[in-house]
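Student: Below, each chain spelled out in residue letters.
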Amino acid sequence: MPRSETGQIVHDGMWGNNPALVQLLGLCPLLAVTNTVVNALGLGLATTITLIASNSIVSLIRQWVRPEIRIPVFVMIIASVVTIIEMTMNAWFHELYLILGIFIPLIVTNCTIIARAEAYASRNHVGLAFADGLFMGLGFTAVLLVLGAMREAIGFGTLFAQANLMFGEQAHWLTITLVEDYRGFLLAILPPGAFIGLGLLIAVKNVIDKRLEEKRKTVVAVPVVDAPAT
Amino acid sequence: MKFKNTLSSPHITASPSLTRTMLWVVVALVPGSAFYVAFFGTGLLINMALATLTALASEALMLRLRRRAVLPFITDGSALVTALLLALALPPFAPWWLPVLGTLFAIVVAKHLYGGLGYNPFNPAMVGYAMLLIAFPREMTAWLPPTSLGATTPEFLDLLNYSLFSILPADSTYDSISMATPMDTVKTRVGLGETISDIHLSSPGLFSTVSGTGWDRVNLMFLLGGMWLIYKRVVAWQIPFAMLSTLALMATVFWLIDSEQFSSPWFHLFSGAAMLGAFFIASDPVTAATTPRGRLIYGAGIGALTYIIRNWGGYPDGVAFAVLLMNMAVPTIDYYTQPRVFGEERN
Chain A
600 MPRSETGQIV
610 HDGMWGNNPA
620 LVQLLGLCPL
630 LAVTNTVVNA
640 LGLGLATTIT
650 LIASNSIVSL
660 IRQWVRPEIR
670 IPVFVMIIAS
680 VVTIIEMTMN
690 AWFHELYLIL
700 GIFIPLIVTN
710 CTIIARAEAY
720 ASRNHVGLAF
730 ADGLFMGLGF
740 TAVLLVLGAM
750 REAIGFGTLF
760 AQANLMFGEQ
770 AHWLTITLVE
780 DYRGFLLAIL
790 PPGAFIGLGL
800 LIAVKNVIDK
810 RLEEKRKTVV
820 AVPVVDAPAT
Chain B
63 MKFKNTLSSP
73 HITASPSLTR
83 TMLWVVVALV
93 PGSAFYVAFF
103 GTGLLINMAL
113 ATLTALASEA
123 LMLRLRRRAV
133 LPFITDGSAL
143 VTALLLALAL
153 PPFAPWWLPV
163 LGTLFAIVVA
173 KHLYGGLGYN
183 PFNPAMVGYA
193 MLLIAFPREM
203 TAWLPPTSLG
213 ATTPEFLDLL
223 NYSLFSILPA
233 DSTYDSISMA
243 TPMDTVKTRV
253 GLGETISDIH
263 LSSPGLFSTV
273 SGTGWDRVNL
283 MFLLGGMWLI
293 YKRVVAWQIP
303 FAMLSTLALM
313 ATVFWLIDSE
323 QFSSPWFHLF
333 SGAAMLGAFF
343 IASDPVTAAT
353 TPRGRLIYGA
363 GIGALTYIIR
373 NWGGYPDGVA
383 FAVLLMNMAV
393 PTIDYYTQPR
403 VFGEERN
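Going down the list, the protein sequences come from chains A and B. Every position in the first sequence, counted from 1, becomes a number in the working numbering once 599 is added. Every position in the second sequence, counted from 1, becomes a number in the working numbering once 62 is added.
Derived by calculation from the structure, the hints in this document are not laboratory data. We treat Cβ as the ideally placed atom computed from N, Cα and C, and that holds for glycine. Every clue listed holds true.
With the Cβ distance kept under 8 Å, some of the chain A side facing chain B (calculated, not the full set): (1) Phe784; (2) Leu785; (3) Leu786; (4) Leu789.
Below, in silico cross-link-like pairs of lysine to any residue (SDA-like), each with a Cα-Cα straight-line distance of 20 Å or less: (5) A:Lys809 / B:Arg128; (6) A:Lys804 / B:Arg128; (7) A:Lys809 / B:Gly177.
Using C-beta positions, here's what the derived DEER-type ranges look like: (8) A:Ile670 / B:Arg126: 50 to 56 Å; (9) B:Gly267 / A:Gly783: 31 to 37 Å; (10) B:Ala122 / A:Lys804: 26 to 32 Å; (11) B:Val132 / A:Val621: 32 to 38 Å; (12) B:Pro134 / A:Asn805: 24 to 30 Å; (13) B:Ala122 / A:Leu623: 32 to 38 Å; (14) A:Thr687 / B:Met390: 41 to 47 Å; (15) A:Leu811 / B:Leu127: 16 to 22 Å; (16) B:Pro354 / A:Val621: 42 to 48 Å; (17) B:Arg126 / A:Arg722: 46 to 52 Å; (18) B:Asp260 / A:Thr687: 56 to 62 Å; (19) A:Cys710 / B:Leu263: 55 to 61 Å.
Generate coordinates for the entire structure from the input sequences, incorporating the hints supplied.
Tutor: Below, the structure written as structure tokens:
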């Protein structure tokens with residue numbers, strides 16, 4: 600079944616060409632800040648907004664940028680967008696901003712963003728570039744969230760701890776304590792836990808892909824076998 | 063050389079099976095383990111039992127998941143050796159989940175996720191140990207004082223009670239039962255500015271003339287067991303030789319510079335996991351270097367790293383991390399030390 604252009608963008612971003620699981624881009628923030636769900640969500644959304652903005656701007660100016668200087672131009676655009684987001688977060692989510700710390704300005708160096716600008720936004724019109732930024736960002740955020748949930752549940756025994764940092768004081772009810780008096784599993788919170796977790800997620804994705812592929816093959820094979828009988 | 067009762071060639075040489083090799087390793091561990099039990103109590107046996115059960119169960123589970131034959135692989139003894147080595151590395155006074163989690167991690171992650179026996183780049187027992195040490199530093203550094211110290215060494219039932227139900231013996235606390243190892247004591251207190259002779263004077267019974275009470279003889283027994291393995295050609299002599307001589311050499315140099323800051327070479331050779339590591343852990347045929355020259359480099363690297371981590375690292379012993387770091391270097395070492403094939407030109 601052929602997909603529409605937007606359908607393809609959604610599928611690529613969320614699954615088939617997922618920036619974290621398939622392209623393995625932006626691993627530095629992915630591994631560094633996914634120790635809780637709230638951190639993961641904060642950084643994921645900031646990255647998504649950056650991707651949307653940088654993709655749209657790059658696509659809008661693609662007719663006027665000479666290929667020789669395109670990379671510096673992209674970097675300037677991304678840096679400006681990230682600076683705006685950094686200042687915004689500093690103003691409205693100050694505590695989350697303090698926790699995420701260096702990783703917000705470091706969104707500039709997230710390879711996903713320049714890769715999408717170069718590979719997609721500079722070659723497509725603005726609507727598609729916007730959608731690509733949105734779904735690549737959401738795909739990245741989804742992986743951050745799953746990894747953050749895994750690490751927080753195993754490491755601290757909670758989910759959505761400190762949700763108030765993101766959603767305000769009335770969000771304390773979001774915090775779920777999975778195990779009372781959990782003694783903590785330090786490894787999951789430390790960097791090795793992130794590497795092991797990401798490795799397992801990639802493995803799970805590959806297993807699902809393999810199963811789907813086998814299923815697709817058997818579906819295709821049936822009419823071929825039946826054909827001579829009719 | 064005499065060849066009594068030997069018929070003329072050709073001869074069939076019996077290649078030692080994996081199961082028999084693993085069995086020899088287990089036998090060679092017996093004297094060291096027996097002395098361990100004599101000095102530090104029966105907690106080791108509980109840890110060994112828990113680790114073995116977990117290892118066999120998780121090995122069978124992983125083999126089933128990977129659709130491999132369960133019986134031939136589970137009886138090869140490799141999971142058993144991993145479990146025993148990990149149990150020997152754990153403190154003898156530990157809750158049940160410590161050996162269980164460590165073994166689970168060793169077998170599932172370090173062994174089977176990398177492709178099973180023969181494919182794992184890292185020593186499974188040491189991966190399990192490193193994981194536990196990073197995740198549970200408090201439980202992993204609480205050792206028992208040697209029984210000869212006459213302190214409150216818990217009995218078998220007390221240990222079992224603590225292991226399974228976290229119930230401490232009556233009128234004792236966690237801190238009154240456990241204490242740091244001699245090596246850990248030296249490291250902490252030298253860090254606080256004390257001299258080694260002061261430390262020895264102020265903790266009578268903890269140190270012997272060689273190293274720590276109990277530790278010296280446990281290490282000696284592992285040395286004997288290891289020599290037997292070399293005699294049986296189960297272990298290549300290069301790895302233990304290079305590791306121990308590098309460790310001794312570095313210890314001698316620093317000890318001669320300042321014997322009040324740095325422990326003596328015999329203290330290093332007969333403390334902690336030095337002998338167990340040299341003969342039983344570093345020599346693991348899957349994860350060690352395979353060329354003769356490569357084995358010397360690999361062993362020397364482990365010895366040097368062990369000394370460095372023991373003195374300047376953040377953890378009480380350095381053998382596990384040294385082995386894991388050198389495991390990483392094995393492909394490179396093997397690549398650059400391949401022996402020249404006969405007829406190949408020197409360059």
